[in-house]
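J.: Protein chains in written order, with this note's numbering: chain A, 1 to 662; chain B, 1 to 662; chain C, 1 to 662.
Source of the hints: derived by calculation from the structure; they are not laboratory data.
Please note that a few of the clues may not be correct.
Since the list gives no way to pick one copy over another, a pair counts as held whenever it fits inside one copy or between any two copies.
Below, simulated BS3-like cross-link-like pairs (lysine-lysine); rule was C-alpha separation at most 30 Å, straight line [what the hints assert, rightly or not]:
no.: 1; residue 1: K565; residue 2: K449
no.: 2; residue 1: K370; residue 2: K556
no.: 3; residue 1: K556; residue 2: K373
no.: 4; residue 1: K276; residue 2: K424
These figures come from a predicted structure and were not determined experimentally.
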Amino acid sequence: MGIHFGVDYYPEHWAKERWEIDVQLMKEMGVQVVRMAEFSWFKMEPVLGEFHFEWLEEAVALLDRYGIKTILGTPTAAPPAWIVRTNPELQPIDREGRRRFFGGRHHDCQSNPVYHAHIKRFVTAFAKRFADNPGVIGWQIDNELGNSHNDLCMCTSCRQFYQKWLQRKYGTIEALNDAWGTAFWSQGYNNFTQIGTPLITAAGENPSAMLDWKCYCSDLIVNFADWQADIIRKICPKHFITHNFMCFDNKVDYYDLAGLLDFVSNDIYPAGHWQKQPHQPESELAACHDVIRGYKKKPFWMMEQQSGMAGWEIMGRALEPGQMSAWAMQSVAHGADTVVFFRWRTCAMGTEQFWHGILGHSGKPGRIYKEAKKLTQTFTKYMEDFEGSMPSPEVAIVHSFRQNYALDIQPNHPQLHYVEQLQKYYKALYDKKIPVDFVQDMDDFSQYKLVIAPLQYLMTPELEQHYIEYVANGGHLVLTMRTGVKDANNLCMTEMELPGRLGELCGIEVPEYDCLLETTGGVLYGKKEYAIEKWCDIITLNGACQIAEYSTGFYKQTPAITENKYGNGIAWYIGTEPGEELMEDIMTYITGVCEIETLGTAGDGVEMMTRENEDKVWLFVINHTNDEQVYHLHGRYTLLEGEREEMLKPYEVQLFVGNKRR
Amino acid sequence: MGIHFGVDYYPEHWAKERWEIDVQLMKEMGVQVVRMAEFSWFKMEPVLGEFHFEWLEEAVALLDRYGIKTILGTPTAAPPAWIVRTNPELQPIDREGRRRFFGGRHHDCQSNPVYHAHIKRFVTAFAKRFADNPGVIGWQIDNELGNSHNDLCMCTSCRQFYQKWLQRKYGTIEALNDAWGTAFWSQGYNNFTQIGTPLITAAGENPSAMLDWKCYCSDLIVNFADWQADIIRKICPKHFITHNFMCFDNKVDYYDLAGLLDFVSNDIYPAGHWQKQPHQPESELAACHDVIRGYKKKPFWMMEQQSGMAGWEIMGRALEPGQMSAWAMQSVAHGADTVVFFRWRTCAMGTEQFWHGILGHSGKPGRIYKEAKKLTQTFTKYMEDFEGSMPSPEVAIVHSFRQNYALDIQPNHPQLHYVEQLQKYYKALYDKKIPVDFVQDMDDFSQYKLVIAPLQYLMTPELEQHYIEYVANGGHLVLTMRTGVKDANNLCMTEMELPGRLGELCGIEVPEYDCLLETTGGVLYGKKEYAIEKWCDIITLNGACQIAEYSTGFYKQTPAITENKYGNGIAWYIGTEPGEELMEDIMTYITGVCEIETLGTAGDGVEMMTRENEDKVWLFVINHTNDEQVYHLHGRYTLLEGEREEMLKPYEVQLFVGNKRR
Amino acid sequence: MGIHFGVDYYPEHWAKERWEIDVQLMKEMGVQVVRMAEFSWFKMEPVLGEFHFEWLEEAVALLDRYGIKTILGTPTAAPPAWIVRTNPELQPIDREGRRRFFGGRHHDCQSNPVYHAHIKRFVTAFAKRFADNPGVIGWQIDNELGNSHNDLCMCTSCRQFYQKWLQRKYGTIEALNDAWGTAFWSQGYNNFTQIGTPLITAAGENPSAMLDWKCYCSDLIVNFADWQADIIRKICPKHFITHNFMCFDNKVDYYDLAGLLDFVSNDIYPAGHWQKQPHQPESELAACHDVIRGYKKKPFWMMEQQSGMAGWEIMGRALEPGQMSAWAMQSVAHGADTVVFFRWRTCAMGTEQFWHGILGHSGKPGRIYKEAKKLTQTFTKYMEDFEGSMPSPEVAIVHSFRQNYALDIQPNHPQLHYVEQLQKYYKALYDKKIPVDFVQDMDDFSQYKLVIAPLQYLMTPELEQHYIEYVANGGHLVLTMRTGVKDANNLCMTEMELPGRLGELCGIEVPEYDCLLETTGGVLYGKKEYAIEKWCDIITLNGACQIAEYSTGFYKQTPAITENKYGNGIAWYIGTEPGEELMEDIMTYITGVCEIETLGTAGDGVEMMTRENEDKVWLFVINHTNDEQVYHLHGRYTLLEGEREEMLKPYEVQLFVGNKRR
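Next up, chain A with everything else stripped away, as it sits in the complex:
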């Protein structure tokens, strides 16, 4: 597309006299695209049916004159007061039964039919007006769908939608009663109209019902987006449609949402004010990019790449010189074809006054502007080559929203979080400079030498079979504690000891387990004792060989980690959460057995990542620290950008190219 750097722009926040100055500065910085209008319903329709798109057309035209293209956002994440005051019932209800009122954003119930009618009218008019505008290239549906909508909405409209969703899924109420295990605590229903949204109870909730609720909420959002996309697609067939995701966020199944988009976009704020650390660790950011790439198995856009201090009531840390550029190129290294910075100029008003952009409040180009300009000047020339290229990892980590939901509902151990667990496995590989794909559980694994599937808590016969066949056919599989615990309805498996049929694959049985509540444990691996956390499966060998044993608990000297040859492959079972050191050593062993290639060697804080097309491999070496770093590459590459090979300045990004091996 030839569009690789951009900014999120809000001309409606500023006097019209300023616009051309802004656009000139953008041009000079290397901006090729802007996103606009995703929170401007009131400006575009200040009263029912009275549309005012002129100001936006003017902005689009001005940008287009400077060669800058526009992506338009539908502003449905913030319906204006005149809608909400007329129909207060479209303000959502939370789990405690409290209404959440106008005054922020996402004060909307996405199932509400009156709200749907408003959206249909507005989005139709909006799309028609810009369908043939030469400056416009595509659309963003709503904004960060699912964000702020945590636990929402419990209203009457949602209850009816939920009941219909359940009826479609189960057909009969008897089927639902079975699937939810309503025999427990006398929770049987006589018909679907008796079912409610999960408002607070006096004590406890039904985990099977909660899993359906979370899936329903995801479906509601996917349908909401699909329905909006349909309106636009019919009117604007030449435009692409995307949406800005939020990494691993779990309010909506992003695999489903990705299905209806032309490509996926992502928002990322490594130095957000919700961080205890100055910024999110690099390995976590890398994993975010990899999972985003995985949602559609395609390159993606960064729709909001952090370019300044984040802040609402409080602020995060300032960005160090070079840090923004390193993060932007990390996005590219992992598959971003385009990087749009949030945002052009720091806003003077509203909740996000302190969410800083390329320009500060004053509008004067400063340190960040200069850094962004240097970035585009250095890398724009390569971006067209990168376009469409993909990393080609030998290792995959299995990722599933349903597992995430189920462990959200019942974490088993208070500190056990599904995504954190994935991140721990990911980090061991990242530190070894081994690229990783995130995949869905039923994906074809045949291209991977090693598949790591942590916390396969919910299990189906099909998925059991899928894992068994992968290993039988020569695959290497890592399974972990809490595998096979539940069926697809979040009911416990009862036919066999854990991990069900996968016990055969792993050559083990897990008849008991221990939760390390308020304590930690130990494992003996080789001659060394290592720390473990949260959980201990108590394992009986059934053909497998033990490669590590517990050194604590009444199950001391019983297997903690096992290895089993099965068919042409190997299945490992890790019955606990390894501490960081054990994780590193066990992954060295496993990736060694699997003969996984590493891109090079370097200290922590130095990242290596590749993108490939049919001919070439681009290698990115990124220094995420404020110190000089040395590194060594394992392959043969030619330096394209960078001062000195094997040596990195603070936050330096070096680019290499090599030939694709077939």
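Position chains B and C against the provided structure of chain A, taking the given hints into account.
T.: The following block gives chains B and C in isolation, referenced to the frame of chain A:
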């Protein structure tokens, strides 16, 4: 009754084909009784008036064929959806005015007349159907009454009931205004209809009103149980009626509730997932059994004895080998005639999926099953002898729900908890192997050499007199800080300096005090300085002699602990909360003065306890640790069970018998 | 007035037989005034229109017979049940939409017209009855206005009042849309009726709207008080009207509230149970008195001076011998003409049972009574001389409720609190024995050698000009981080880099900044490295000279503190929060440059403060510790009270007199 071991059983959770396998396994394990049906209303009445008891009759008959008797629970802790959806107003309202909805359990308002009508219809039909069933021996009313009902319910129905309760108590509104001290903050009422349930205020609440509210809530529950018991008793005159208590839980006055039952039952989960420690300390468990025995001054049943990991969203610790048996026999040692394990098989569905039982989800007998079987094989033969026998302690600790309520309302110090305070005194005696009774404050103390009455915060002239007479007649009494502060209405005493008339008994006055907020203090006892906590009464001697003095605060070198000979007895006053070390040393001194017998000597973690009948004394020695332990007994006993005298294996329970001394 | 010591008295809490004993004891203690009736509506009007003032008249008369005068409080902080039950809608609604019910105090919506009608009826009758009572000298309006009213009220009545308030302020909805920056997140309003109270949203709130809401709430309270005061003033022209403030409390703009009163009163509880420390540091108390004096630039009354342990459900620390007296005389030293102790006798009932007074529950005079008596005996003879005299500081700290509100809404850093920041600057001066005035930002500063204006976050052109002129004319000004960030509407400044026009005054620019979230930083001042906290402005010199530089962060070695000669004066800019040590050293430097006088030298815990009239200067030296202390005075004074010059016993208060220098 010949019934000593049992399990809680939920046949409705499992396919009928499995039932007989379960019952055979139970039989083999030594099960003599099951509790069933206490959460199965929907299964028994799926629509209004359509009763389905066949499945339960079938289960009862099957069990009976194997000689296993049944206790039936009334399922009124979980009214089905068809009731709740028709009458949503019977879902309770919490203090914040939020309704608590269907979806867990206890989603019911116990004062609601519509709910009462449903219960009456159902329980009548239920009782009639099983009145003459040969497999049924008794009933459990509801389940853990008061549990989950914390702060519930604030609805209109409860408000009316509360107003009537107050009218009965006070007669006139003037009497209530006086008793509540409504002159403060202009809270006077003109009539009872102006009084509300204690919904959240803008600031503050009336402690006298709150005390009545807590008493009312207890009475509501007691009446609710009494009314249900009446229905059953009339229809099933041959059956016993019990209820499963929760140790020291304070939602209902268990002394009152015990009054309407044939015997008391208890539920105990030492390794629950709400524990910070791997399990509740043994001394706390021992105290729980002793207070349960005290509620009716009779042996009791364990209706839910933990037999596996506990868990809802998160789990507790796994039980170590032998631990379940040690806990079960601890129950017996303190007065349980029958031990019913919760539960037969770990449930596959609902909130309590991870609340483990004798069998795991797989239903295969494993480690725990084998341990349970060995337990019944070893001890069933003695259980018949134990039946009806009681411990015979020389020391009593006074326990009162009203004191508990009053200190819940105003803890005085943020970390001061009534039951914790009792537990601290109890532990000092437990560690010395001195058996203890819990008694009510107006009980006859004459059989006790020593009575410890911590936190006698609410005081009446009758109770003052009772304590004075006990000491005058030769009794030994320990009183503590915060004694005599309030009258029965939770109004402060104003006639005299603290501790009121008990000051005469103790030979002291307490004109001032200090709250050790965010700090601790010290005491000099003998030549040693000890840590103290939370509170310092500033004491003036008035005949007493000082046995410890403060070493901190502006009241340094004034009395902290005093001793006063009065009549033929002695009254000690402990003006602070002794740290563990001071508690131990001061109790050594006091029990020494009182010539209290100790059962033996052993390290921490070794428990000694006796039960006696007219002829015999059984002594239990229990190792609550995973290490070998040695001990020495002070009396003459014959070893009945146990490998080697004076030596305990991990978690071993040894049983001795001796002759009763007269 | 000849009235200098008093107590808060609640005869309605006690039997009439006790009254005369109380009054005799008061007389003996030196009591000259009582406050009564501020929570006694029900006693005075038990049913609508039926007034019972006889009891109060009797009490007033009894006191008057003993020469003790009465201040009457209007009881509008606790409307009786008969009002609330008839009009439940006057119970306030909180931000979560929950009603706050009767049962505590302040269960009222201050905008409710029905409630207004009740107040008008009652207060009129009350004032008429006592207008000519010879024992009555004045009135207190309501009680601690704003206390407990945090976030209240969000009801329909308040919404209408708020809409009218906004309409008056903005005239047109377009003006409001601009002022609130509603272009952000599509929050534009078409008319004032669309605006709501700030009930909880799904995510985020508008900081400009929140600032108006807080100002509105303050105005509502001020109007409420004004309207009550008007009723009384018309009927009782001879009586003064006051109100009991709460130091720095920010629910109402005390400068506005002071405007309608004859004098300001204050309540202070240094050893309240909400303190983590045994009591609030002396410097904080001193600052409280200074700000209270500043609200009306006049001496004030202490209406509630702590005289015993504070407590609701939990208690604070006991007062050490002498501590109450030291605190009382600290009040006097800072400008109190009269000290009324809360309260006469510890109440036996209600929420504040454990809020102790001069007498304990028993009513027997004890340690505290004796101390109070000694205090009046020592100091009453000087109080008449002190009356009307004022401190005369050379240093002022700027204090503003609007800055306080704005930083409450967006603290910028999670631990940044406006008043705490003022207190940190204050403490450095207090420790140097330098008296301080608190002033409003637009006050005339010409009498001060040094003005410290921390956190001038909201800025107007007028205020910029005011600061510039002060310095130009020879003033010394300290400005700090986060100055000039916002305009009066809480919108960010966009014309210039920070700190706007004040950058010229300070000779600097602040184009960037860093929030020290979860970390701290360092500064090099002289040759020493010091700790700094929370924030770092990144400063460009523009004429100023650097007097300290950062030693941490990517802005290491750039200016942290600057000094700029401007006109005839000097402006310092402190771009961070100095740790205690740096604050001390930098203030030593700045006060040195300004040639500020210090009263003397002494260790921490020894306070020095002066009050002056036309001729004389009284110097108070107060030992706030339990140890002996030495000190040295810098001026020439004669000892009036105190055992030994230059030496203080624990908690001793010494009084000196000197001649006024002109």
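J.: Hint by hint, which ones does this structure get wrong, listed from lowest number up?
T.: none
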